[in-house]
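Can you build the whole structure from these sequences, using the hints too?
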Amino acid sequence: MVTSTTLVYLIALPLFGSAILLLAGRRSDKWGHLLATALSASSFALGLYQLSQMLGRSTEERAITQKLFSWINVGTFNVDAGLLLDQLSICFVLLITGVGTLIHIYSISYMSHDENRRRFFAYLNLFIAAMLLLVLGNSYLNLYVGWEGVGLASYLLIGFWNQKPAYATASKKAFVMNRIGDMGLSFAIMIAFATLGTVSFRGVQEASHTASKAALTAIGIMLLVAATGKSAQFPLQAWLGDAMAGPTPVSALIHAATMVTAGVYLIVRSNFIFDAAPTAQLLVVIVGAITLMFGALVGTAKDDIKKALAASTMSQIGYMILGAGLGPAGYAFAIMHLLTHGFFKAGMFLGAGSVMHGMNDQVDMRRYGALRKFMPITFATFGLGYLAIIGVPPFAGFYSKDAIIETAFNAGGVKGILLGSTALLGAAITAFYMTRVMVLTFTSKERWDDNQHPHESPLLMWIPMAILAIGSVTTGFLFTRGHALVNWLSPVVGEHAEGGKVLLQPAVVSGLALIAVIIGVGIAIAKYQLSDVDSVAPQNVSVFTRVARKDLMQDSFNEAVFMKPGQALTALLVKGDDKVIDGAVRGVAATALGTGSTLRKTQTGFARSYAAFILIGAIVLIAGIWVVTQ
Amino acid sequence: MNFTAPVLNYALLAPMLIVLAGALVGVLIEAFAPRASRHNSQLFVTIASLVIALSALLRVRKQVSVSAAMGSITFDGAGVLFQASILVIAILSVFLIADQENFTALPAAVPGSDEERHSLQTDMRVTEVYPLTLFAVAGMLLFPLSSDLITLFVALEMLSLPLYLMAGLSRRRRLLSQEAALKYFLLGAFSSAFFLFGVAYLYGYSGSITFSGIQASIVGGSGNDVFLLLGIAFISVGLLFKVGAVPFHAWSPDVYQGAPTAITGFMAAATKVAAFGAILRIFYVAFANAEWQWKPALILISIVTMVFGSVVAISQRDVKRMLAYSSIAHAGFLLAGVIALSKSGLEASIFYLFAYGIATVGAFGIVTLVRDSAGEVTDLNRWSGLGKRSPLIASAFAFFLLAFAGIPLTSGFIGKFSIFSAAYESGSTAVLIAGVLSSAIAAFFYIRVIVLMFFKDPVEDGTSVVIPSGLTTTTIAVTSVITLVLGIYPAPLINFIASSAFFIR
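Here the protein sequences come in this chain order: U and P.
The first sequence finishes on residue 630 if you use my numbering, and the numbering steps up by one all the way, no holes.
The second sequence finishes on residue 505 if you use my numbering, and the numbering steps up by one all the way, no holes.
Hints were generated in silico from the structure; no laboratory data involved.
Because the structure is a prediction, the values reported are computed rather than measured.
Note that CB positions come from ideal geometry on N, CA and C, so glycine has one too.
Keep in mind that the hints are not guaranteed to be accurate.
Straight-line Cα separation of at most 27 Å, DSSO-like style, residue types lysine-lysine; simulated pairs [to be verified]: (1) P:K456 - U:K575; (2) U:K579 - P:K343; (3) P:K343 - P:K62.
To list a few chain P residues with every Cβ distance to chain U over 12 Å, as calculated [unchecked claim]: (4) F3; (5) T4; (6) E30; (7) A56; (8) G112; (9) L120; (10) L186; (11) A233; (12) A288; (13) L341; (14) S342; (15) D372; (16) V459; (17) D461; (18) V478.
In structure tokens form, the structure reads like this:
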């Protein structure tokens, strides 16, 4: 494999920026945000350079590696800190640095009134570095470092305004729930080392041909646990809604475009494990299918614009996980949806930020309405993202989502029909709730208070939105032209396998999907555009709406099933600890202290008694040796 | 009898000779240089000769020779590692010694006399501590390389005599300091006498004073075993005294407390490396084949030492005495490496000595900084709440304590882990169990100090952390970094030690 010496700079630049900004402190308040943006942009430029180099090499030589240093070297366990840039990771590198840079630019203006803007940019740069390490690591252990790094950055950024206790709690919740997923990843690494003897991607891939199915299934399931934590999939999805406490650019970058898709990356990267472990693969599609419905249903009931978008993110990642669970037929489509979603969802989050900016940080959509007139640019860019997500041709989401629905239908048998229908129904609900967001915010009647003065956002904010909107329009077409992305990724994820028996022709699927979208949009328009909307959420609603508003009771469920018994268990353990263990410890400590005080008295301070010790010691020593030798 | 001129390999002896030359230059400076420039030139000469000695050592580090000085000095990989550790520790310690605030101006003056007061008021300083340090370092460099009993004895005295004097140089609590120096001298002389007895018995046993000659006699088995037994026992008394193993430890708490703190740090760290270097060489080279005779006794001493040190440290209220008992416990842990009598035991001991020495210098460096108007504050109760007032210094101290306790991510963990596993591999399960248990006891008092510093309220009695000088800061920073790096990424040093830790006969 071709080796490189320059890969590390991709990570080093933003890491350097983060270190400078954190260490220089207030001194860098004036120029910190500019430095951070410049470093993120240079990382993007480096990524583009690497892409051009990669395009210049033949297919077999496109992947390049760099060994940084020999990290762990214990007996047979050898791990190098090394980087790997191949066709899969370059997609992520460009997404992370590209969208990341746009969001840096946006934040310069968005955060301009925050006195801690420099710290915010330091965390953003830290995130970019950690995320790049995650996608560039050449082993599960290196990936794990990045994985924890993005977790840290996410925690710091969700709780960025931690002067509000609720926000601090939200960041803690995200952190704790992510720990469960991280535990899965560490178990996966441990099982891989115990059974395969290696943790590098290449080593595991080679070993996976000969390893037992049980081991691979165990690794696969643990990787799935990791993915559900980081990507907010069922049953570890509850933190994502609360994570919206962070500043909106953070929601756009970390909780929509990049970090939450790390689970999809992990599964696609581990394709060789899942291909050899059908049980784990089946669990992946089940998780994906459940989450895509779950997120969509929650999305229909949310009045907070960011939480509605968060539910939608959960649902869209469900699509990606579903795609990734469909094996070689779906990996490339999962990545394609991930990339297009990165554009349109980041764009919409920035749009939501722009709306909040113009509405004094109001997030309740029932207090919006008719903003089209006041924020034409935001309306246009958000609208393009909207058309992309609901899957209207020729916008990006149409290509990527249709591909997943079609692959699901063609997965074969009852499984295919079930998965395909779920995905199709999800598309209809997506169209409904996204239209609801669109209508409530931009086109319905005004419902805001008189003291609100909606206005368009400044240049630095709408330019990133516009660029992302262009991406939402064009990427789907670009990726599918001549199967560009599918062919590009095939060396990493395996040849794209067209199912032998095709249940539904692509045209039929597209037709069905369009009908589903039209139904969804139609209901939403009838319900919100053509009739009046209360500016306060009505309370006499169906049980279903109430449950959906509460995120389908996920918190109550967690509380009843995990938290309460957990608290009871801890209380019991504390009691046991106090009585039994601490009692023993205190006893030992008291004994030791008593002995120590007694022995201490031998230290009389007189040189003569010390000399006597030496003499006695020498005699005892001689006697001891004498006894042994006789 | 023919008298042959000695053949010396100067390249291999250069590190010791350079340090000795530096010491002699220091004596001349003390005698002739104007008082104003004395301190700076002494400091310069001391650091320069240590650094040059280190570079001279690195230049010849790959060479191996039994005939560097007519068979009296063996130059081998392990010797290089001991010497390098001693030089590094000495350099870092001299940075602490350079803070003259803690040294009396005129040590020869009677405590409390007008002469003393006058010299302090006019700041008429003598700076003999620098040449004394260099003489001690030269002795320490020779000690682990000596391969006959006479050279070993000369080296022992060469490193001890300056240390006796240096222990009495404290500026405050002069009487305590002088008492410590005198005790150290008397007991040192007493144990040296034992050592000499041992030399005589071993000569009587084997008819040879060289390690290889003694080893040959043990293998041959023709000598009188009682002489061998007495010889090993008496020599052990002399050597174990230097490392402070129980029951030959009694001097160390008093001396650690009385000596100026910078000297205590130097003594605790460098003397341990030198003395354990000599112990390892003599037991690994000369006595290895008489293993069945001395091993049970040494195992007993090791266990008693680690348990005694850990248990008594708990009830100490003075930070320097606590560190003294901690150092006794560490001597017990280090004896496990001697008992292992294997290559991995040697490697582990060398790593442990270096890691422990570095952390010790750093910890004592911090003790020099906690003061009130009357000098250093060593009463632990008055350290409470230090973490709230000087978080950085308290954190560094806490970090060194964690290293002593052997908590992961510090060098102490790697050291303890490797030395106990070496002892276990050689079959000394008892040492392993005692070691782990006393480590647990030891963790109690280390962590108690951390709790005291960070979770108790500060006392309002004028105790404060002074702003360290540049040199002291350097020492504390460098020792912290080394302790951390050796805890996180010890592989390079471990590999280097593994590739060069060996004794030749």
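Status of each hint after checking the structure:
no., hint, verdict
1, P:K456 - U:K575, "25 Å, holds"
2, U:K579 - P:K343, "46 Å, violated"
3, P:K343 - P:K62, "18 Å, holds"
4, F3, "37 Å, holds"
5, T4, "38 Å, holds"
6, E30, "30 Å, holds"
7, A56, "31 Å, holds"
8, G112, "20 Å, holds"
9, L120, "27 Å, holds"
10, L186, "5 Å, violated"
11, A233, "5 Å, violated"
12, A288, "16 Å, holds"
13, L341, "16 Å, holds"
14, S342, "18 Å, holds"
15, D372, "25 Å, holds"
16, V459, "22 Å, holds"
17, D461, "25 Å, holds"
18, V478, "20 Å, holds"
Consistency with the previously given hints fails for numbers 2, 10 and 11, ordered from lowest to highest.
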